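Asker: Those letters in the sequence shown? Residues 0 to 203, per numbering that gives the first Met the number 0, in order.
Just so you know, the hints here were simulated from the structure itself, not pulled from any lab data. All figures in this text were calculated on a predicted structure; none of them were measured in a lab. It is possible that part of the hints are untrue.
Said to hold, decoys possible - Distance windows between CB atoms, simulated:
1. LYS200 - ASP125: 30 to 36 Å
2. PRO146 - MET0: 18 to 24 Å
3. LEU189 - PRO146: 21 to 27 Å
4. THR58 - ARG29: 14 to 20 Å
5. ASN109 - ARG29: 17 to 23 Å
6. ALA1 - ASP188: 17 to 23 Å
7. SER16 - ALA124: 33 to 39 Å
Stated by the list, open to error - With a straight-line Cα cutoff of 20 Å, these simulated EDC-like cross-link-like pairs (lysine to aspartate or glutamate) come out:
8. LYS62 - ASP125
9. LYS197 - GLU32
10. LYS117 - ASP34
11. LYS107 - GLU182
12. LYS185 - ASP161
13. LYS71 - GLU32
14. LYS200 - GLU32
15. LYS71 - ASP176
16. LYS107 - ASP74
17. LYS107 - ASP161
18. LYS107 - GLU67
19. LYS185 - ASP150
20. LYS203 - GLU105
21. LYS200 - GLU67
22. LYS15 - ASP77
23. LYS203 - GLU67
24. LYS35 - ASP142
By construction, the Cβ of each residue, glycine as well, lies at the ideal position given by its N, Cα and C atoms.
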Amino acid sequence: MAGADVGLRPNMPYFKSIRYDRPLTITYLRLHECDKFSIGIFCLPPSAVIPLHDHPGMTVFSKLLFGEMHIKSYDWVDNLPAESTPLAKPLDNGLGDSTTGIRLAEVKMNSAFRAPCKTSILYPADGGNMHCFTAKTACAVLDVLGPPYCDPEGRHCQYYYDFPFSNISVPEEQKGDYAWLKEREKPDDLTVVGALYKGPKMVK
């Protein structure tokens with residue numbers, strides 16, 4: 000599946016950086032939404048970022064339709080033995096004196112991808128449920144979420160700061176990349192606007 004299958008091309012206005020004195024605008028095209036799942040396409044101009052966020056209780060299929068994108072993702076660390084607990088939290092990294100909302104996470108992916116490439120699958124507790132997208136070129140990403148976000152049912156999109164942290168005493172075969180994630184409000188410079196999907200009609 001590629002951008003042409005949904006009527007998208009990199010030279011369309013969605014993928015252009017029109018103004019340089021304001022945050023880049025990301026466009027979301029809604030294809031379908033019901034109480035079981037949602038389907039949409041994110042259109043990102045070069046250098047646009049969808050900041051680190053989560054998908055609580057959700058499974059997510061993400062397909063890069065065209066372009067090159069860097070993806071960084073994390074899963075929570077819940078099963079470190081007591082003797083492997085990190086020695087300190089990153090209070091010297093701009094977090095202030097409070098550790099509220101801070102949890103240890105393990106990096107699952109930190110790589111660049113260029114279409115065509117395989118679909119990524121994020122599970123509720125595995126596969127990189129918290130992730131960040133950075134467009135290296137104009138990009139279109141098809142997302143299928145099941146079930147979709149729903150605040151009353153506890154599926155609220157939470158954003159995070161990430162702070163690398165490597166001082167963790169675990170057996171050599173268990174070593175990996177870790178970070179502290181701290182909850183944050185939706186970033187002020189994140190601008191996502193909705194637009195009408197004009198591609199081929201979806202058929203059940």
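Asker: The structure should be examined with respect to each hint, and the outcome stated for every one.
Answerer: Each hint tested on the structure:
In this structure the hint that LYS200 and ASP125 lie 30 to 36 Å apart at CB holds, the actual value being about 34 Å. Between PRO146 and MET0 the CB atoms are about 22 Å apart, so this pair conforms to the stated range of 18 to 24 Å. For LEU189 and PRO146, the hinted distance range of 21 to 27 Å is satisfied, since their beta carbons lie about 23 Å from each other. Between THR58 and ARG29 the CB atoms are about 19 Å apart, so this pair conforms to the stated range of 14 to 20 Å.
The supplied range of 17 to 23 Å is broken by ASN109 and ARG29, whose beta-carbon atoms lie about 30 Å from each other. Remark: the range hint 17 to 23 Å for ALA1 to ASP188 is contradicted by a beta-carbon distance near 30 Å. A hinted range of 33 to 39 Å for the beta carbons of SER16 and ALA124 is consistent with their spacing of about 36 Å. Using a Cα cut-off of 20 Å, the hinted pair LYS62 and ASP125 holds, with the two alpha carbons roughly 18 Å apart.
Taking the CA atoms of LYS197 and GLU32, the gap is near 16 Å; set against the 20 Å cutoff, the hint holds. Proposed proximity of LYS117 and ASP34 is contradicted: the alpha carbons are some 27 Å apart, above 20 Å. With a C-alpha separation of about 19 Å, the suggested pair LYS107 and GLU182 falls inside the 20 Å cut-off, and the hint holds. For the given pair, LYS185 sits about 14 Å from ASP161 by alpha-carbon distance, which is consistent with the 20 Å threshold.
Note on LYS71 and GLU32: the hinted pairing is violated, with a Cα-Cα distance of about 26 Å set against a maximum of 20 Å. A hinted pair counts as satisfied when its Cα atoms are at most 20 Å apart, and LYS200 with GLU32 qualifies at roughly 14 Å. Proximity of LYS71 to ASP176 is assessed by CA-CA distance (about 12 Å); at most 20 Å being required, the pair is judged to hold. For a cut-off of 20 Å, the pair hint linking LYS107 to ASP74 stands: about 7 Å separates their Cα positions.
Using a Cα cut-off of 20 Å, the hinted pair LYS107 and ASP161 holds, with the two alpha carbons roughly 13 Å apart. A threshold of 20 Å between alpha carbons decides the hint, and for LYS107 with GLU67 the separation of about 19 Å falls inside it, so the pair holds. In summary, the hint linking LYS185 to ASP150 is supported, as the alpha carbons are separated by about 15 Å, within the 20 Å threshold. As the CA atoms of LYS203 and GLU105 are separated by approximately 39 Å, the hinted pair breaks the 20 Å bound.
For the hint pairing LYS200 with GLU67, the CA-to-CA distance comes to about 26 Å; that exceeds 20 Å, so the pair is violated. As the CA atoms of LYS15 and ASP77 are separated by approximately 41 Å, the hinted pair breaks the 20 Å bound. For the given pair, LYS203 sits about 31 Å from GLU67 by alpha-carbon distance, which is inconsistent with the 20 Å threshold. At most 20 Å may separate the alpha-carbon atoms for a hinted pair to count; LYS35 and ASP142 meet this at roughly 14 Å.
Violated hints, in rising order: 5, 6, 10, 13, 20, 21, 22, 23; the structure is consistent with all others.
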